[in-house]
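Chains as they are written, first to last, in my numbering: chain P, 1 to 310; chain E, 1001 to 1444.
It is worth saying that the hints were derived from the structure and are not from the lab.
Please note that the accuracy of each hint is not assured.
Pair by pair, the computed Cβ-Cβ distance ranges are [said to hold, decoys possible]:
(1) P:Y48 / E:T1174: 29 to 37 Å
(2) E:Q1251 / P:W44: 24 to 32 Å
(3) E:K1424 / P:A70: 34 to 42 Å
(4) E:T1174 / P:L180: 51 to 59 Å
(5) E:K1424 / P:I292: 56 to 64 Å
(6) P:L180 / E:K1424: 29 to 37 Å
(7) P:V291 / E:N1188: 32 to 40 Å
(8) E:S1422 / P:D79: 41 to 49 Å
(9) P:T297 / E:L1444: 38 to 46 Å
(10) E:S1225 / P:Y51: 46 to 54 Å
(11) E:G1065 / P:A61: 35 to 43 Å
(12) P:L180 / E:Y1075: 22 to 30 Å
(13) P:F67 / E:D1076: 54 to 62 Å
In this text, a Cβ means the ideal position worked out from N, Cα and C, and glycines have one as well.
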Amino acid sequence: MTKAAMRAGRPRQAPRRAFIHNDRFQMTAFIVPTCIFLALLTIWPFVYSVYLSLHAVKLTAMKRAVFVGAGNYVNLLGDPLFLRAMLNTGLLAVTSITCEIVIAFVIAKAFVSLSHLKWVNGLRSLFMLPMMVTPLVVGMIFSYVFNPILGIANYLLGGVGLGPVPWFGGTTAAMISILLINVWQWTPFMMLLIMAGLLSIRSDLYEAARVDGAKWHHVLTMLEIPSIKGIVLLGIILRIIDTLRFFDVVYVTTRGGPGDSTMVLTLYAYQQNFQFFQAGVGSAAAVMILVISIVITTFAVRLLRRIENE
Amino acid sequence: MLHAKLIGSISVMAMLTASAALAQDVDWKSQLGDHSGKTLRVMTITDPFIDSINAVKDGFTQVTGAKIEVDGYGYDALHEKELLACSQNDGSYDVMLIDGIWIGEFAEAGCLDPVEEKIAENPDLYAWDDFTPAAAGQASWEGQRVCLPVGIYYELMYYRTDLFEQAGRKVPETFEELKEAAAFFTNNQDYPGVYGYAMNNKRGAAAGQQWFEWIYSAGGKPWASNDIGAAEPYKDQTPLFNSQESVDLVQLFRDMVAFGPPGVESFAWDERANAFAAGKLAMINDWSVRAQIANDPKQSQIAGKFKAALMPHKDGGKTITPVGGWVACVNTHGAQKDAAWDYLKWFASRSVHRDFVLAGGPPSRLSAMEDKDIQEKFPWTSVLLEGQKDSWAEVRPRNSIAFQLIDTVGAHVNKAIIGEQSPKDAMDAANADVTKLLQDNGQL
């Protein structure tokens, strides 16, 4: 191209450059790839799940899908196993998150009090290890630990004269065992959040409380809890979402048993989808889990905002 | 020690020489095509026999030039992966080993190529009649021979010879004798740390399969037209899960909890096999393929201290030995079907099957079960030979909803075992749920 021709082209490029430098274009250019990515990997599968949930269809014979409207949802809400799974998931969420907060607070307080000691940092890192392990591996480890005759748990109990415990054998024992495993793995996460909250409290506030003659429970209820409640609520939201997705440990250790005592929502959806290949019912269960997650999260986020505004 | 090792090595060499001699009876070069440069992918379960498949696979490569790649998965993962892949027309695996009870599901999904034509081309080499009748039944569906039964298991009862000899007790043959013997060894000061028996009690497939495996020996049957030897066992699937025989059987399962280790209510195959190998159980019933684990001194404390017997039966009845295991099928969507058929023709043949069994694989042919070398190496083989005479391929359901049906029954059986429901209530509920399941799927 000659220089003259290039010069001739310049006036035509000017509006294009202006368009490229336009804020609106730039924002669109940055957002569009993300939107396409989300549409392909999130929105489309969700829409397809909703579509499947309205059909009686097996994953191995998709062409023979029959439209059943809300039939799968009606059947789900009338299925005692699904209702039990909802109850168990709720129970597991409430009990494990409560235990995690209480234990995490005690440990976080200990770590904050001992933070002047050098070895505490190392211990704190070690304490983080459980939440770094893949949940499936955690399930496998505990299926050995809690093996009634070959596991270390009963061996140690036997050492102090306590009888063997059927960890996964009874309905209550199995639920408590699952709860223990969940608490063991996720208390460090809650502890991390609470510790961050405690460390953010100015030391002069503790000093003022001490000067005012406040007892430990006054410090706890009037200073520490109000200071960390926002971050704890955030932790609760994240843990609720986690618990609604809780699957691996139950899959490896109990498969929802004994009876239906440890059946959780995700295991129910997995069985319908990938063991029985009932894609319609399985998708309806997955959509229900999503709806429950959205409702709980929306409610919790509103609560969080209200606390932040107080 | 050295002497023993020398004798062992000589025996193995002698067996392999004998196998080679047998293998030479077939001119494989003329029977199989040239598949140089190809790699056949085989998908199978990670049961102990996967090592035996690998032990013999080079023989096929030597004759045809094709390499064999064997991928193993756990039970649920294999079911999910194989069925999803082939129902979505995925041909990345050429040969699939499937549980005989999945065959209806795989047939419905259009995954399998029938083997009928191949057998007709060379009936002597396939020697179909040499497969045990129940094995042949496991590999057939709706009157057609669909796959080749290469990894068939039978369920036997194993008992500790040292304990029974010390106690001077006879091996139980009936349910009542089983309960008595299990009670005798449990919490007995003469046998510290030993429990009588552990059953497959875990919720779902474990408890469900157990019910199907025992019901014929309890005098019952799972559905109306499934009589032993019936020509059309699926003609009338009216469920009979709440029959008196079934309720009595579930009561037996519940009674047996008292003679198992703590937590036995959550035991499945692995927990039971591990407990038996650790010397904690006097008796156990299990698939024949697992006997090798108990007989391996590296993995077991009871190697050489146990024997096999037929499973017990109801007083006045007889044992129907449960059959299960793996049938090898060609993926209908595979791109190398000629090579895959050649591989199965070779692998399922009498001579290669013998090598496979000597390497630890489960015997599926009568010739292998009758083989003196195999009987000597795996002493329980003679009991298998006896047990297969009274076996029935349809002891567990094999229709297209078998997986869900077994799981449904297992959930209810487990509720009775843990005492959440009475056996009668649990099996009434099982019957109602299975009826609905069959109706929803157009099978009733």
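Status of the hints after comparison with the structure:
no.	hint	result
1	P:Y48 / E:T1174: 29 to 37 Å	55 Å, violated
2	E:Q1251 / P:W44: 24 to 32 Å	52 Å, violated
3	E:K1424 / P:A70: 34 to 42 Å	35 Å, holds
4	E:T1174 / P:L180: 51 to 59 Å	42 Å, violated
5	E:K1424 / P:I292: 56 to 64 Å	36 Å, violated
6	P:L180 / E:K1424: 29 to 37 Å	35 Å, holds
7	P:V291 / E:N1188: 32 to 40 Å	56 Å, violated
8	E:S1422 / P:D79: 41 to 49 Å	22 Å, violated
9	P:T297 / E:L1444: 38 to 46 Å	43 Å, holds
10	E:S1225 / P:Y51: 46 to 54 Å	38 Å, violated
11	E:G1065 / P:A61: 35 to 43 Å	38 Å, holds
12	P:L180 / E:Y1075: 22 to 30 Å	27 Å, holds
13	P:F67 / E:D1076: 54 to 62 Å	30 Å, violated
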